[in-house]
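Novice: Throw the hints in and build the complete structure from the sequences for me.
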Amino acid sequence: MSVETTKQPAATGTLPTELIRLEGVTKRFGDNTVLDGLDLSVDAGRHVTLIGPSGSGKTTILRMLMTLTEPDEGTITVDGQQLFPAPEKRVREIRKKIGMVFQQFNLFPNMSVLRNITEAPVRVLGMSKDEAEARARELLDLVGLADKCDARPTRLSGGQQQRVAIARALAMRPQVLLLDEVTSALDPELVAGVLDLLRDIVRSTDITMLCVTHEMGFARDISDQVLMFDSGRIIETGPPEKIFSEPEHERTREFLGAVL
Amino acid sequence: MTWDWGAVADFMPYFWQGLLVTLEALALGSLIAFTLGLVWTLLVRTPTRWVRWPVGVFTEFVRDTPLLVQLFFLFYVLPETGLTLSPLTTGILGLGLHYSTYTMQVYRAGIEAVPAGQWEAATALSLPVRRTWTAVILPQAVRRVVPPLGNYVISMLKDTPMLMTIGVLEMLGRARLVSQQHFQFTEPLTVIGIAFIVVSYLASLLLRTLERRLVR
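These protein sequence lines map, in sequence, to chains A and B.
Note that UniProt numbering gives residue 225 to position 225 of the first sequence, counting from 1, and the numbers run on in steps of one.
Note that UniProt numbering gives residue 125 to position 125 of the second sequence, counting from 1, and the numbers run on in steps of one.
Hints listed in this document are in silico derivations from the structure and should not be mistaken for laboratory results.
All of these numbers come straight from a predicted model, not from anything done at the bench.
Glycine included, C-beta positions come from ideal geometry on N, C-alpha and C.
It cannot be assumed that every hint is accurate.
To spell it out: a stretch of chain B is covered by chain A in this simulated footprint if at least three of its residues, at any positions, have a beta carbon under 8 Å from a beta carbon of chain A; those stretches are [stated by the list, open to error]: (1) 113-120; (2) 177-186.
Computed, partial: chain B to chain A, Cβ under 7 Å [what the hints assert, rightly or not]: (3) Val55; (4) Ala124; (5) Leu127; (6) Ser155.
Every beta carbon over 12 Å from chain B, so not counted as near; a handful from chain A, in silico [to be verified]: (7) Thr17; (8) Glu93; (9) Leu256.
Specialist: Below, the structure is given as structure tokens:
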């Protein structure tokens, strides 16, 4: 099934440009088919939320876009360039356009908070150390952790670690931000703060975002488009008002009934 | 059995010489074992099968044959190929090579204990593979490998007397020489026994300090 998340052309008349395209993507882990011939297209600047029961293939899509796992069949293109197979150089180009925030934060425990953020801009983008640090401080200020530059990640709370991880991903100035259940590992009282931060970021930038989440309120707030997954397929898609208020598919109703 | 302090005094000048040789063998042997072990670990993880396979077989072979046999091989067979080394150099190489096949497994365990999420974060940040190893994976692995590596240092210390068999005058070699000349075995052997305990203890203290400094 094909899902187009085409944005209305902006008032200036510029046409939306497709940034991500998946065609017939299939992924199996042993006998388990996680993605079953999936088609998906995401335009630049869109905020797309992937919802559905666990094991329905949502995270696998993000991991493929980040080149952490390969599809068994189908093609994936990012900004017009095909991944899998792709020469090493192109893979590196595409990776630079994409940032990812993980469920378990995955900060580097052997580096200070500041170096977690500056490491890639210096080593990958060739930014000077001073420039990278200045930018890192701005980002830490944005995520509300300006005073934690020299702290070790392990000394921070989960919520703080996730804020640093968000700053780290943004430091690479990605066109696309992938959020993989970023609040699932957090203590309940820390969830709201991280979601508020993400709301601000999404609203104040033109970043394209793909988000896997079980926070339906957050999904409703930030998405242009919600994709409902079940057993490796997208069974329903639409703007959040429609999906959350008048879902068409029986499975969507069941799922929302269970999580809301 | 009587204890003769005079015999102790007679032995001490030789003891110090022996101690120095033992410490030299231990220090250089450890250095080789630590670096060579890391080289093995990284080679075994390369994508090239023609590198992985021979390294795997060679290190397995070295690990599963006795150190003493390897020392004899290095000492008596290597010269036939035209490479003649002093007994001490041969001994250090033997110890280092033998123990590198153990430290290799320590490194492997240390590397595998670094969570997959660390690799994934490095990929997501486009860090080059080499940089991922040097800045992310190895620094985290090092913390985990210090205690087991320390145990192998102690173990290597206790294997240094084997070097006596190829003519290295380390502590036991000295003790035996002096004992046989004076027919007094108790004193020299007791002195080196105590020396082994003291060196192990100091080494473990050193390693514990190192460990504390690394694990923050």
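Novice: For every hint, state whether the structure bears it out.
Specialist: So, going through the hints one by one against the coordinates:
1. Coverage of the stretch 113-120 of chain B by chain A holds [criterion: at least 3 residues with CB-CB distance below 8 Å; count 4].
2. Counting residues of the stretch 177-186 of chain B whose C-beta sits closer than 8 Å to any C-beta of chain A gives 0, which falls short of three, so the coverage hint is violated.
3. Hint status for valine 55/B: violated, given a least beta-carbon distance of 25 Å to chain A, over 7 Å.
4. Because the beta carbon of alanine 124/B sits about 4 Å from the nearest beta carbon in chain A, less than 7 Å, this interface hint is met.
5. Evaluation of the leucine 127/B hint against chain A yields a held restraint, the C-beta minimum of about 6 Å falling below 7 Å.
6. Nearest Cβ of chain A to the Cβ of serine 155/B: about 28 Å, over the 7 Å cut. The hint is violated.
7. No Cβ of chain B approaches the Cβ of threonine 17/A within 12 Å, the least distance being about 23 Å, so the stated non-interface status holds.
8. Its beta-carbon lying about 9 Å from the closest one in chain B, glutamate 93/A breaks the requirement of being farther than 12 Å from that chain.
9. No beta-carbon of chain B comes within 12 Å of the beta-carbon of leucine 256/A; the shortest separation is about 30 Å.
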